[in-house]
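Each chain is listed here by its residues.
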Amino acid sequence: MDAKTIIESLTREFPEAVSKPEIESEIRIWAYVDWAKTKEVCQFLKDSLQFDHLSNLSGVDYPKRNEMEVVYHIASYAHPVVLMLKAVLSRADPKVESVVPVYWNANWYERETYELYGIVFENHPDLRALLLPEEMLGEWPLRKDYEGFPNKTARNLV
Amino acid sequence: MEEFVGSDEMILHLGPQHPMQPGPFRLNLKLKGETVVDADLEIGFIHKGIEKILENRTYLQGITIVDRICYLVALSNEECFVGCVEKLAGIEVPERSQYIRVIMGELTRIQSHLLGMGEFGEFIGFVSMFMYTIKEREEILSLIDMVTGARITHAYLRFGGVREDLPEGFKEKALPVLNSLKKTIDDYEEMFHTDSIYRERTVGVGTLTADSAKALGVSGPALRATGVDFDIRKAEPYLVYNDLDFKVCTETAGDIFARIQVRLNEIRESIYILEQCLDQIPSGPLFPENTPYGRRTPVMRVPAGEVFHRVEDPRGEMGMYMISDGSDKPYRVKVRGPFFPTLQALPPLIIGTTVADVAAISGSMDGCTSEADR
Amino acid sequence: MGEVKSKKRSGAFGEAPNDTIPGVLTTTSGAICNFLKKTKAQDLINWGRKNSLWFMTQPMGCCGVEMIAMGCAHYDTDRFGIIPRNSPRQADVMLISGYVTKKYLPALKRLWEQMPAPKWVICFGDCSISGGPFYESYSTVQNIEELFPVDVFVPGCPPRPEAMLQGFVELQNKIKAKKDRGTEY
Numbered sequence: 011m012d013a014k015t016i017i018e019s020l021t022r023e024f025p026e027a028v029s030k031p032e033i034e035s036e037i038r039i040w041a042y043v044d045w046a047k048t049k050e051v052c053q054f055l056k057d058s059l060q061f062d063h064l065s066n067l068s069g070v071d072y073p074k075r076n077e078m079e080v081v082y083h084i085a086s087y088a089h090p091v092v093l094m095l096k097a098v099l100s101r102a103d104p105k106v107e108s109v110v111p112v113y114w115n116a117n118w119y120e121r122e123t124y125e126l127y128g129i130v131f132e133n134h135p136d137l138r139a140l141l142l143p144e145e146m147l148g149e150w151p152l153r154k155d156y157e158g159f160p161n162k163t164a165r166n167l168v
Numbered sequence: 004m005e006e007f008v009g010s011d012e013m014i015l016h017l018g019p020q021h022p023m024q025p026g027p028f029r030l031n032l033k034l035k036g037e038t039v040v041d042a043d044l045e046i047g048f049i050h051k052g053i054e055k056i057l058e059n060r061t062y063l064q065g066i067t068i069v070d071r072i073c074y075l076v077a078l079s080n081e082e083c084f085v086g087c088v089e090k091l092a093g094i095e096v097p098e099r100s101q102y103i104r105v106i107m108g109e110l111t112r113i114q115s116h117l118l119g120m121g122e123f124g125e126f127i128g129f130v131s132m133f134m135y136t137i138k139e140r141e142e143i144l145s146l147i148d149m150v151t152g153a154r155i156t157h158a159y160l161r162f163g164g165v166r167e168d169l170p171e172g173f174k175e176k177a178l179p180v181l182n183s184l185k186k187t188i189d190d191y192e193e194m195f196h197t198d199s200i201y202r203e204r205t206v207g208v209g210t211l212t213a214d215s216a217k218a219l220g221v222s223g224p225a226l227r228a229t230g231v232d233f234d235i236r237k238a239e240p241y242l243v244y245n246d247l248d249f250k251v252c253t254e255t256a257g258d259i260f261a262r263i264q265v266r267l268n269e270i271r272e273s274i275y276i277l278e279q280c281l282d283q284i285p286s287g288p289l290f291p292e293n294t295p296y297g298r299r300t301p302v303m304r305v306p307a308g309e310v311f312h313r314v315e316d317p318r319g320e321m322g323m324y325m326i327s328d329g330s331d332k333p334y335r336v337k338v339r340g341p342f343f344p345t346l347q348a349l350p351p352l353i354i355g356t357t358v359a360d361v362a363a364i365s366g367s368m369d370g371c372t373s374e375a376d377r
Numbered sequence: 325m326g327e328v329k330s331k332k333r334s335g336a337f338g339e340a341p342n343d344t345i346p347g348v349l350t351t352t353s354g355a356i357c358n359f360l361k362k363t364k365a366q367d368l369i370n371w372g373r374k375n376s377l378w379f380m381t382q383p384m385g386c387c388g389v390e391m392i393a394m395g396c397a398h399y400d401t402d403r404f405g406i407i408p409r410n411s412p413r414q415a416d417v418m419l420i421s422g423y424v425t426k427k428y429l430p431a432l433k434r435l436w437e438q439m440p441a442p443k444w445v446i447c448f449g450d451c452s453i454s455g456g457p458f459y460e461s462y463s464t465v466q467n468i469e470e471l472f473p474v475d476v477f478v479p480g481c482p483p484r485p486e487a488m489l490q491g492f493v494e495l496q497n498k499i500k501a502k503k504d505r506g507t508e509y
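Protein chains in written order, with this note's numbering: chain F, 11 to 168; chain V, 4 to 377; chain E, 325 to 509.
Derived from the structure by calculation, the hints contain no laboratory data.
Given the structure is predicted, the values throughout are model-derived calculations rather than measurements.
We treat Cβ as the ideally placed atom computed from N, Cα and C, and that holds for glycine.
It cannot be assumed that every hint is accurate.
[To be verified] With a cut-off of at most 25 Å between alpha-carbon atoms, the simulated DSS-like pairs for lysine-lysine come out as follows:
no.: 1; chain 1: E; residue 1: Lys443; chain 2: E; residue 2: Lys433
no.: 2; chain 1: V; residue 1: Lys90; chain 2: F; residue 2: Lys30
no.: 3; chain 1: V; residue 1: Lys237; chain 2: F; residue 2: Lys56
[To be verified] Chain E regions said to be covered by chain V (calculated; three or more residues, Cβ under 8 Å):
no.: 4; stretch: 355-368
no.: 5; stretch: 373-386
no.: 6; stretch: 416-425
no.: 7; stretch: 462-475
no.: 8; stretch: 487-499
Build the full structure now, drawing on both the sequences and the hints.
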C-alpha cells in the first residue's frame, strides 16, 4: 500500500472530517482531522488501511495562533507508511475525542498529554495525572506560557 | 484499580523502591491468595521534564540532554535526536561517520542487552547471572569509553558526523573482545537451555501472542519474541543498515524464555554487524565538506518544519517528533520511548499470574523507568 | 541514639532510673552509648562501622547504573565491606543517585526514616548536588543538602565507579575522624 492510495481512500471516506492531505515522502504523509471525528477516522484507518500501530501521540501549543494541536503518528506493521494526523483545537477549551477504544496504548499518551497541556480527551476511561504529582495538575507545564520554568530555586550553581 | 477489597483479598504495593525494579515506579497489586486479580501502575517518580528543557536549549546543547533520557542507551537517543535535525536541515552524513555511528549503536545494543539479561537474572533470584553479564559489559563499556571518553553519557554524535574518529588500534582491541563475547553467549545459551529451575521460571510464563502484543503496542524484543519481524532497521532503514547483512531475530513462543533468547540472538547479530563494519569502514572525512557543520557548530538555525524520525533502540522503537520554527532552539520535541508502551502493557500481562512471576515478567521486559518518565 | 532522662548524674553510666535495689546500678543503653562516645572505645566502634558500609540499592538516574556497576563483579566493593542491600532496614548508607523529583521526595524521606541509625547520606552526581542538567526543571526538588544530612558529595555526570569508590573512602575517613554527620558525638 503506498502513500497515494492511502490519502485517496482516506479523503474519499471522510470528505469533510479529513482536510489538507499532503505527501511529504513515500513513507510520511500528513492530514488534518476534525477533533470530534478522530475516533471514527482512526477506526477506519485500523480496519481498512492496516494502520494498526499507534506510534506516538503528542500535544503542541501555539499561543500565537491561539490554537493547540494533538498529533497522532500512526504506523503499521504491514507497510512502512507513517501517517501524521493533526487535530486543531481552540486554546480556550481544548478537547478532543479519545482514541483509546481503537488503540489501547493511547491510554497513557492521552493521560500524559492531558496533564502536560490541559487537553481534555472526551470519553477517556480514566483521565487523571500520570507523570506529575496530583498537586501539580492544573499548571500545564508544557504550555508555552507556563511560568514555573525556569525554576530558580537551585543555589549551588557554579 | 478498584479500591474495594473483598474479604479474601489484599492490596500489595511494590515500590517505588523495590529490588525488582529498574528504577522507581509503583506497582499496586490486588491479590487473592497468591494470584494477582488486579494491577495498577504509577509512574513519574523520576519525571524530569526533558521535553520542556529541550525547548529551552540550543540544538547542540540538546545532545547532552537527550543522553539522559535513557542512560543505558544514550547513543541511540542521540542517534534519534541528531537524525531529526539532519532530516530537517538536509545534512548528508559522510559514509565514515555513518559506519562509526552504526558501530557505536551496536556496541550500545550489546551492553544494554547484557545489563538487561543480568538484571532479569537477579529478579528471578539468579544473581550469578548478574555478575557474569556485568563483567562482559565492562569490556564493551571500555571499548565505548575508548572512542567517546565516557562510559554512559557520551555526547558523541554531532549534526553531520561524530565528535571524534575511531582511535588507533580500535579494530585490534575490539575483535578479541567480540570473539570472547561470542563464546560467552554460547555459554549463556547452554546455561539457559539446561538449567531446569530457570526453565521452570520462564517457559510458558508471561506469554504474549502476536495479536495481543500488537494491540498493546509492545515493541522490541518482546514483540519479536512473538514472531513479528518488526525492526526499524529493516522497516525504515537509517544510516548504512541497508548495506549491511543481518537478520531480524524472532522466536514464536512469546514467553519470557523466548524474549531472553531473542536478546541472545540479537547480541550475536550485533557482533556480526560490528565485524562487517570494522572490515568495510571506508576512510574519509567525518563531516560533510564545504559546510559549516563540525565538532562545534556554535550557532545553528534549523529550517522550519516537522519531522518524525524513528530508530531501533535495544528496547524497541524509539521515535522523536521535532518541530522547528526556524530559530536556534527546537519548538517542540516529543520523545516516544520504547519502554513507555511496554510498561503500560505490564498490568494486562501480570493479571492472573502469581506474585512470584510478577518480578520475572517485569524483568523480562528489560525496563528503563527513566525513559518512560522522561 | 537513646537519651538519659534525668539530669542528675551518679556513677559512670548515669543515674539509675529506678533506685529500688540497693547497691545495684541499672542504666539504659543510651546512657552507655553516651558514655562510650567520650572514651577510646568509640574508636573501635567506628572502626567497625567504617568497614561495613552497606548501601541501599535505589537506582534513580544515570548514576544508578554506575552504582550497579560499582557493586558488581568488576569494581567489587565487597572487598571494602561496601555491600549492596535491597532493603532500607538493612542499610547504613543512602545514595542519592540522581534527581529527586517532587513526586519521589516523600518516598525518599520515608526510606531515610526506615533506615536504622547510625546512617549516612552520599550525594552521587551533579543532579543531587546542584540540579545537574535539570537545574531548571519544573518537577525536580533542588538543594537536597538542606533536606538530608549529606556527608560526601561525589561530582560528575555521572561519576565513574572509581570516583564513587573514592566517595566511600572519604566517608570512611570522616567516620574514623569522628566528623561524620550520621552519628552524634
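Going through the hints against the structure:
| no. | hint | result |
| --- | --- | --- |
| 1 | E/Lys443 <-> E/Lys433 | holds, 13 Å |
| 2 | V/Lys90 <-> F/Lys30 | holds, 23 Å |
| 3 | V/Lys237 <-> F/Lys56 | holds, 22 Å |
| 4 | 355-368 | violated (count 0) |
| 5 | 373-386 | holds (count 7) |
| 6 | 416-425 | holds (count 3) |
| 7 | 462-475 | holds (count 3) |
| 8 | 487-499 | violated (count 0) |
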